[in-house]
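Asks: One letter stands for each residue in the lines below.
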Amino acid sequence: MSVGFQAVQWNRTKYIYDALLIAGVVTYLVGFMSIAAAMNPPKNAPEWIDLRIRAFGTCAFLMLTFILSIGPLARLHPRFLPLLYNRRHFGVLFFLVACVHAASMVQWFAVQDALPSLAEELTNWPNYFKFIGFPFKTLGIVALSIFFLMAATSHDYWLGFLKPPVWKALHMLIYVAYGLIVMHVALGIMQRDYSPFIPFLLGASLAWVSALHIVAGLRERKGDRAIKPGADGWLTAGSPQSIPDKRAKIIAAPGGERIAVYRDGSQVAALSNLCAHQNGPIGEGCIIDGLVTCPWHGYQYKLADGCAPAPFTEKLVTYRVRLRNGAIEVDPRALPPGTAAAITLPG
Amino acid sequence: MTRKHRLAHRMVWPALAVAVCFGFVMALVLRAPPPVETPPAAQESRK
Numbered sequence: 001m002s003v004g005f006q007a008v009q010w011n012r013t014k015y016i017y018d019a020l021l022i023a024g025v026v027t028y029l030v031g032f033m034s035i036a037a038a039m040n041p042p043k044n045a046p047e048w049i050d051l052r053i054r055a056f057g058t059c060a061f062l063m064l065t066f067i068l069s070i071g072p073l074a075r076l077h078p079r080f081l082p083l084l085y086n087r088r089h090f091g092v093l094f095f096l097v098a099c100v101h102a103a104s105m106v107q108w109f110a111v112q113d114a115l116p117s118l119a120e121e122l123t124n125w126p127n128y129f130k131f132i133g134f135p136f137k138t139l140g141i142v143a144l145s146i147f148f149l150m151a152a153t154s155h156d157y158w159l160g161f162l163k164p165p166v167w168k169a170l171h172m173l174i175y176v177a178y179g180l181i182v183m184h185v186a187l188g189i190m191q192r193d194y195s196p197f198i199p200f201l202l203g204a205s206l207a208w209v210s211a212l213h214i215v216a217g218l219r220e221r222k223g224d225r226a227i228k229p230g231a232d233g234w235l236t237a238g239s240p241q242s243i244p245d246k247r248a249k250i251i252a253a254p255g256g257e258r259i260a261v262y263r264d265g266s267q268v269a270a271l272s273n274l275c276a277h278q279n280g281p282i283g284e285g286c287i288i289d290g291l292v293t294c295p296w297h298g299y300q301y302k303l304a305d306g307c308a309p310a311p312f313t314e315k316l317v318t319y320r321v322r323l324r325n326g327a328i329e330v331d332p333r334a335l336p337p338g339t340a341a342a343i344t345l346p347g
Numbered sequence: 001m002t003r004k005h006r007l008a009h010r011m012v013w014p015a016l017a018v019a020v021c022f023g024f025v026m027a028l029v030l031r032a033p034p035p036v037e038t039p040p041a042a043q044e045s046r047k
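Line by line, the protein sequences are chains A and B.
Per the numbering used here, the first sequence starts with residue 1, numbered consecutively.
Per the numbering used here, the second sequence starts with residue 1, numbered consecutively.
Be careful, since some hints might not be right.
To be verified - Distance ranges between label pairs, derived from CB positions:
| # | chain 1 | residue 1 | chain 2 | residue 2 | range |
| --- | --- | --- | --- | --- | --- |
| 1 | A | L162 | B | M11 | 20 to 26 Å |
| 2 | A | R79 | B | M11 | 43 to 49 Å |
| 3 | B | L30 | A | K228 | 49 to 55 Å |
| 4 | A | I35 | B | V36 | 37 to 43 Å |
| 5 | A | P82 | B | M26 | 36 to 42 Å |
| 6 | A | L149 | B | M11 | 18 to 24 Å |
Said to hold, decoys possible - The list that follows gives simulated cross-link-like pairs (lysine-lysine, PhoX-like), each with its CA atoms no further than 20 Å apart:
| # | chain 1 | residue 1 | chain 2 | residue 2 |
| --- | --- | --- | --- | --- |
| 7 | A | K302 | A | K315 |
| 8 | A | K222 | B | K4 |
| 9 | A | K168 | A | K315 |
| 10 | B | K4 | A | K168 |
| 11 | A | K249 | A | K302 |
| 12 | A | K163 | A | K14 |
| 13 | A | K163 | B | K4 |
| 14 | A | K228 | A | K249 |
| 15 | A | K222 | A | K249 |
As the list claims (entries may be wrong) - Covered stretches of chain A, as calculated for chain B (at least 3 residues, CB under 8 Å):
| # | stretch |
| --- | --- |
| 16 | 27-39 |
| 17 | 96-102 |
| 18 | 179-189 |
| 19 | 196-205 |
Just so you know, these hints were derived from the structure itself, not from any lab.
Computed from a predicted structure; not experimentally measured.
We put the CB at the ideal spot given by N, CA and C, even for glycine.
Excised from the complex, chain B in its bound form (with noise of 0.2 Å):
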């Protein structure tokens, strides 16, 4: 690779590191809760 590949790669990976790591933990941390399953002795009281 010429010199100027190299640069570019010391460059990019870890701002491409960072701000990727940052998406993903977001989209983890933000997702919706699981949707809670109801017991099914709890529908038959709602009923």
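One chain only, chain A, in its complex shape (with noise of 0.2 Å):
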């Protein structure tokens, strides 16, 4: 948070996150290569290198599909919200993945006294203007770009130093990044490769990515359907008791952000929806130790003023909320971030 950046804040949640990462890709590289080797023997150098290229390969672009899912799948249902707590360390070590199958890709080049071939294949212009045939490996390094920028920028650091819009704007473009990635198989090694283990893996992560990111966009954009005002401007968020206590309910004001009304006991505050973090849905958290708590990485508000405790700085913005005919009303006209405006109800 916001007390001082360190290189890593490391917690048992995340060591255990990590293990299980890195058993599961040093389990699929094994296995992959192990299997691979045993059916079909490679007989030199470049045959050794191939096949690492083919493992780190497929490895990755898994990875990726699995980073991908992960988004959607947390705005579809909370149980997927652990695998949200760490992905930047999966999206981290998928680029160092990445790069082991881009590096034997000029191993393989480099150990058949062949560089040559592999500059003069990047700049064969013609071929650019083809599309069987077009350069694939280009296709990769422009992806291989974006994942460096990506990686390069993951840490809180510069989420604090670029502000949450700007840092998850330049973070999606991993969806153009999957593209590339894409139509780098399609137009590499799916045309040599007549297994139909390739058009399969990447027609099933497509349609599974494409499929999953769709249905999320439109489960939200229920969510972003606004209330319509009353006379004077105010929302109606419903009754105190229609808001489960010590959780929120997340309305929407007509062009603006959604808000999240939260109950703790007797106490009702509006605040807004998004996390000072990364933007997280703050109202689909709980209060935990009385303290508003994001879904996302655990970042804790308190409900009185959408303040972080001491010694953390972040604020929320907040909004008044009154009580009127049994109703909980909300103003949509923001106040300044770690403004009071809790209220608390009578009886």
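Please dock the two separately framed chains into a single complex, following the hints provided.
Replies: Printed below as a string of structure tokens:
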């Protein structure tokens, strides 16, 4: 959090998450290379390197598919939220696996004294106007550059420096990179390897990832439907009992951001639904130890004023609330971040 | 996520899915047919 940046703030959950990740990657790589080598033993150094290229390439592609699935899965069901918690480490590990794939490709050319052929392939400009025959390695290089940018800016230092909206927009480049990777494989190895494995892998990944994002997006659209404001511009959130204790009801202002109306016993407050850390949906979290807790990474804020507890300094935008005719109403005009605006219900 | 990011997601994904699916299908349809292995008997007769 904002008290001071450390390289990585380790805790037991992160150790477990990373241990499982690394174990999964090592198991896949060892399994792939062992089975492939047993079925078709490599005869020389280039064939061994080729095997490594395939193992790391397929591993990276599966990791990317998994990473892209975490976001929409977490939007569709809270049981997937733990996967989101340390997704950045997953992304960095994926980048390292992709780097080994790319480095192995360079090594494959190098051991055969054929590096000029690689340069020629990348600079054969007429081929850039072809579809079949397009220099597919360029697609991989561009995608790897995007992944580098993302891995390099994955730390909270960059999140704080760039601010969440810019950082999030930058990291949405992963979608473009995913498209480039699909075409890198489709115009590369799929043109030479006629086994059904590659088209199946690509098609299944593409269908799965696209469907998940489209379904999650459609579901999110429902949440953006605004409540019609009253004559004085206030929004009705419902009776106090309609807000579950220690949880929030999320409402949307016309054209504005979502508002999380939290209730903790008899205390009610309206906060921005955007966590100050990564703009996570804070209204989908709950109150833990008396603090509103973001479901994404556990950032916490006081209900009374939207301020993070000392020594942290994050603040959320708050909104005025009132109880009128038995219903909680919210003024959608945002107050400055950290403004105390909670009310205590009578009785 | 902000409203703008949600809107961007809703616009980007269908377009990306259609574009990449089209590219993938075209790459599959237009790829060269697999090389036909000549049976040993045919090779013998050619000799």
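Asks: Confirm or reject each hint.
Replies: Taking the hints in turn, this is what the structure says about them:
no.	hint	verdict
1	L162/A with M11/B: 20 to 26 Å	holds, 22 Å
2	R79/A with M11/B: 43 to 49 Å	violated, 28 Å
3	L30/B with K228/A: 49 to 55 Å	holds, 53 Å
4	I35/A with V36/B: 37 to 43 Å	violated, 28 Å
5	P82/A with M26/B: 36 to 42 Å	holds, 39 Å
6	L149/A with M11/B: 18 to 24 Å	holds, 22 Å
7	K302/A with K315/A	holds, 9 Å
8	K222/A with K4/B	holds, 15 Å
9	K168/A with K315/A	holds, 19 Å
10	K4/B with K168/A	holds, 11 Å
11	K249/A with K302/A	holds, 17 Å
12	K163/A with K14/A	violated, 24 Å
13	K163/A with K4/B	holds, 15 Å
14	K228/A with K249/A	holds, 16 Å
15	K222/A with K249/A	holds, 14 Å
16	27-39	violated (count 0)
17	96-102	violated (count 0)
18	179-189	holds (count 5)
19	196-205	holds (count 3)
Checked against the numbered hints given earlier, the structure breaks hints 2, 4, 12, 16 and 17 and satisfies all the rest.
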